[in-house]
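Student: If you want the building blocks of each chain, they are given just below.
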Amino acid sequence: MGRRPESPKSAFHAGTPDGPYVRLGAGGSLAISGEIDCATSGFVESALVEAFKQADVRLLDLTGLTFADVSGMRVIAAAAQTIKDAHGRVQIRGASSTFRRLWLLLKLGEAISADFVGEAVGTGEAR
Amino acid sequence: MTMAMTPEAQPWAGIFSHEALFYAGLTDFIARTTPFIREGVNAGEPVLVVVNATKIDALRDELGPDAVDVRFADMADVGSNPARIIPAWKEFVSEFAAAGYPARGIGEPIWADRTPDELVECERHEALLNVAFTGGAPWRLMCPYDVTALDPAVIQEAGRNHRFLFTNDRFRESAFYRDADEAAKPFDKPLPEPKGALRQMTFDVSGLDGVRLFAAAEATGFGLDAMRIDDLVLAVNEIATNSLRHGGGSGSLRTWRTGDTLVCEVRDHGRIEEPLVGRERPVPDQEGGYGLWLANQLCDLVQIRTFADGSVVRLHMSR
Chain A
0 MGRRPESPKS
10 AFHAGTPDGP
20 YVRLGAGGSL
30 AISGEIDCAT
40 SGFVESALVE
50 AFKQADVRLL
60 DLTGLTFADV
70 SGMRVIAAAA
80 QTIKDAHGRV
90 QIRGASSTFR
100 RLWLLLKLGE
110 AISADFVGEA
120 VGTGEAR
Chain U
0 MTMAMTPEAQ
10 PWAGIFSHEA
20 LFYAGLTDFI
30 ARTTPFIREG
40 VNAGEPVLVV
50 VNATKIDALR
60 DELGPDAVDV
70 RFADMADVGS
80 NPARIIPAWK
90 EFVSEFAAAG
100 YPARGIGEPI
110 WADRTPDELV
120 ECERHEALLN
130 VAFTGGAPWR
140 LMCPYDVTAL
150 DPAVIQEAGR
160 NHRFLFTNDR
170 FRESAFYRDA
180 DEAAKPFDKP
190 LPEPKGALRQ
200 MTFDVSGLDG
210 VRLFAAAEAT
220 GFGLDAMRID
230 DLVLAVNEIA
240 TNSLRHGGGS
250 GSLRTWRTGD
260 TLVCEVRDHG
270 RIEEPLVGRE
280 RPVPDQEGGY
290 GLWLANQLCD
300 LVQIRTFADG
310 SVVRLHMSR
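Protein sequence lines, in the order shown, are assigned to chains A and U.
At position 32 of the first sequence (counting the first as 1) the number is 31 in numbering that gives the first Met the number 0, and the numbers step up by one without a gap.
At position 212 of the second sequence (counting the first as 1) the number is 211 in numbering that gives the first Met the number 0, and the numbers step up by one without a gap.
Since the hints were made in silico from the structure, they are not lab data.
Backbone N, C-alpha and C fix where the C-beta goes; we use that ideal spot for every residue, glycine too.
Careful: at least some of the hints might be erroneous.
Simulated coverage check for chain U against chain A, where a stretch passes if three residues somewhere in it have a Cβ under 8 Å from a Cβ of chain A [unchecked claim]: (1) 62-74; (2) 79-92.
Facing chain U, from chain A, some residues (calculated, C-beta under 8 Å) [what the hints assert, rightly or not]: (3) E34; (4) C37; (5) A54; (6) F66; (7) D68; (8) L104; (9) A110.
Listed next, with one range per pair, are the computed distances between beta-carbon atoms [said to hold, decoys possible]: (10) P185(U) / D114(A): 38 to 48 Å; (11) D55(A) / P283(U): 20 to 30 Å; (12) Q80(A) / G287(U): 19 to 29 Å.
With the hints as extra help, turn the sequences into a complete structure.
Tutor: Put into structure tokens, the structure is as follows:
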């Protein structure tokens, strides 16, 4: 099932219906949704770079993120680091319990002390 | 050559001393390990003991006040998957021995209730300890083997994986010791072919989401709970990703059930040359090396084999 997204054309929303999606929202939030694996993490990385150019991002909204492998976690961690560097802290909203566990296993929290906000709902994995 | 020696000769000094202790039952275990622990405590050495909960309780009772100077960890937590044990010892050694402090540990990864698959991987773990620590900071690791409960073949294999053997009151160098260079060779011990129904698929770079869907359906049908389904799907995804990156760009996935365990096997045409792969925690900013390490953190057992025509990784998950 090929689902390589096209390059982002807009920082406000970039992605395809069956791939990962990056969207800027109100109040400096940046939503990342869908599934991120080694085939799509490059796209997400590019989309995030574009988003950071266009808005003062303060919060990552992962409510719609249904899967992230190690490459996806690293891309999201880099985004979190960018926010932390700019504002001293970063909030991650709607992260699944699986995402939070992987965050700990990869020791991403040692470098980026993110504030996880919102209930850890669902598992966040592909089905 | 087998060489009898007295402990006073201190053959372990200045090296990583991997020692097998052959004991007979719990009472003998306590009698034989307590002097080793006390010696370390009295010398001011850090001591870490990783055995089962029953033995921890018995050692605490025997050691009395000295127990406060000893770290204990339950092997069921640390090493149910034996590939997680070397990282735990590395953490301990890096904290103390690498700074020049002598250190000692007791670790019992092999017991009678281990499954045949677990036992093979535990013996591989024992061999890889020599790869992981030989030539590094000096420290002593005693691995107890219960001769009243274990198969004689297991005791024999212990003689190959430990440089020093401690039987009754005799401390000697093993005549059959398989050194670090030998242990570091690609692990090509054949894996038994599965019995019963198999499901399989092939994948390439365009099909990782299909791999996840396949693994999730198998895990759900097997009755794993939600968290373990997530863990298995993630682990399978990472191993399949390795196939795409290092294994020729494609691979195959097979699944089957054996008792209360679901096995997912990924095959590809790559070779895994690094003996400690999956047993070393990746450092931040490291580009690769996450897949097998993560699989070991997520799965009950991971079996890795490399043959002339490719590699096999089996992931075990019990319900």
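Student: Taking the hints in turn, state whether each one holds.
Tutor: Against the structure, the hints:
Proximity of the segment 62-74 of chain U to chain A, defined as three or more residues with a beta carbon under 8 Å from a beta carbon of that chain, is not established by the 0 residues found. Taking a C-beta to C-beta cut-off of 8 Å, the segment 79-92 of chain U contributes 0 residues in contact with chain A, too few for the three needed, and the coverage statement is violated. The interface hint given for E34(A) is met, as the beta carbon of that residue sits about 6 Å from the closest beta carbon of chain U, less than 8 Å. Hint on C37(A) holds. Least Cβ distance to chain U is approximately 5 Å, under the 8 Å limit.
For A54(A), the interface hint is violated, the least distance from its beta-carbon to any beta-carbon of chain U being 27 Å, above 8 Å. With a least beta-carbon distance of about 7 Å to chain U, the hint placing F66(A) at the interface is held under the 8 Å criterion. Taken as an interface hint, D68(A) checks out: its beta carbon lies about 5 Å from the nearest beta carbon of chain U, inside 8 Å. Satisfaction of the interface hint for L104(A) is found here, the shortest Cβ-Cβ separation to chain U being roughly 5 Å, below the 8 Å cut-off.
Restraint check, A110(A) versus chain U: the minimum CB separation of about 6 Å is within 8 Å; hint holds. For the pair P185(U) and D114(A), the beta carbons lie near 45 Å from each other, so the given range of 38 to 48 Å is met. Taking 20 to 30 Å as the suggested C-beta distance range, the pair D55(A) and P283(U) conforms, at roughly 26 Å. Separation of Q80(A) from G287(U) is about 20 Å and conforms to the stated range, judged on CB atoms against 19 to 29 Å.
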